[in-house]
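Colleague: First to last, the protein sequences are chains Z and R. Each residue of the first sequence is one higher than the last, beginning at -14 in the numbering used here. Each residue of the second sequence is one higher than the last, beginning at -14 in the numbering used here.
Hints listed in this document are in silico derivations from the structure and should not be mistaken for laboratory results. Nothing here was measured: the structure is a model prediction, and the numbers come from that model. All C-beta atoms in this analysis are idealised placements derived from N, C-alpha and C, irrespective of residue type, glycine included. Mixed in with the good hints, there may be bad ones.
[Said to hold, decoys possible] Partial chain Z-side listing against chain R, Cβ under 8 Å, derived:
id	residue
1	S(-11)
2	L(-8)
3	C1
4	P3
5	F15
6	R22
7	L28
8	Q34
9	A35
10	F48
11	E50
12	P52
13	M94
14	M175
Number of protein chains: 2
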Amino acid sequence: MQLSPKLAALVEALRCLPGIGPKSAQRIAFHLLERDRDGGAQLGNCLSQAMQSIGHCESCRTFSETPICDICESVKRQDSGLLCVVESPTDVLAIEQTGQYTGLYFVLMGHLSPLDGIGPQEIGLDVLQTKLQQGNINEVILATNPTVEGEATAHYIAELCNNLGVKASRIAHGMPVGGELDLVDGMTLMHAFSGRKAL
Amino acid sequence: MQLSPKLAALVEALRCLPGIGPKSAQRIAFHLLERDRDGGAQLGNCLSQAMQSIGHCESCRTFSETPICDICESVKRQDSGLLCVVESPTDVLAIEQTGQYTGLYFVLMGHLSPLDGIGPQEIGLDVLQTKLQQGNINEVILATNPTVEGEATAHYIAELCNNLGVKASRIAHGMPVGGELDLVDGMTLMHAFSGRKAL
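Let the sequences and hints guide you as you build the complete structure.
Modeller: Okay, here's the thing in structure tokens:
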């Protein structure tokens, strides 16, 4: 038995979801048809609308439906003089959830990876440079991931900042709060020791 | 930071997928926006179309875009005089993949479960009865799942068939091919012994 054409198309389309193979796609398609048609139709609408109308903020490159996102438009944040550089919009969410940071963001949408053809241009460092040259930013906080690529990207941007006379800082590496010393990797422990503070 | 309205709507809508919680929904939404907008838009289209236009075959109750599905329309299958009763459209797929069965199907879309308010009417046994009364079916093969509810449903339908003078049979229970005797449960082993065949 062949699946009916629209059902087959749905199963095939579901495979664009991360981690969904042919069997899961089929299971999801049948689940929606059998038990949640309204939810499925709603999801179809939301997907079509989101893919069509969500673009990038012209100022910080995060996802936004408007040319400039809410955070970039906030005068209070503009006045802070702080700019936090992160790799992806989910990082912005994570930082915002702490409720402690009140500055602006710049979202690279990736990290430097010359082997994959991702250079400074691809992660928007030209946009960042223009932004820094406008002179409203006093400090750039580099919050890229603590991976090899993230570190390299942070160092590259730090150099850029130094050339433009803007202060650059890197978020601290060390023990995660609530972590256990014997379960943490050596690299993190090393960072925790070298970054120790007087009490 | 609030997610932008359409992004928030998409994350919420994604939670209708089975096994997807708030964190996974967010991860999927960002994945689609960052890396696979075409796939996402395509999925949106397919979902909308499928939810709208996939209904049930009037003859066998499986999913179908046409009033009568391909299998029910096949003259060869109608001539076989065989009707296989299964619980869900995925069971039809599984049986069709063996390529050995050439009869018709009847899909219950569930099983008898009086406590959940699912009686004979809800699983379409009135439709099945009308079908059997037309006299084209010589044998009903009961291929409901070997669970308590599946067995109960099979016995109920077997009685229905007997009353109508149609032969009813149940698929065999026993060792799965390639299985190991010491890993199989006692109930299955018991069935395998009681269903033994002369060699």
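Colleague: Now tell me, hint by hint, if it's right for this structure.
Modeller: Here is what the structure says about each hint:
1. S(-11): holds (5 Å)
2. L(-8): holds (6 Å)
3. C1: With Cβ-Cβ at 3 Å, under 8 Å, it holds.
4. P3: holds (5 Å)
5. F15: Since chain R brings a Cβ to about 6 Å from F15 (chain Z), closer than 8 Å, the hint holds.
6. R22: With a closest approach of 5 Å, the R22 (chain Z) hint holds.
7. L28: holds (4 Å)
8. Q34: holds (6 Å)
9. A35: holds (4 Å)
10. F48: At 6 Å from the nearest chain R Cβ, F48 (chain Z) passes the 8 Å test, so the hint holds.
11. E50: Check passed: Cβ of E50 (chain Z) comes within 5 Å of chain R, closer than 8 Å.
12. P52: violated (12 Å)
13. M94: M94 (chain Z) check passes; min Cβ-Cβ to chain R is 7 Å, inside 8 Å.
14. M175: violated (30 Å)
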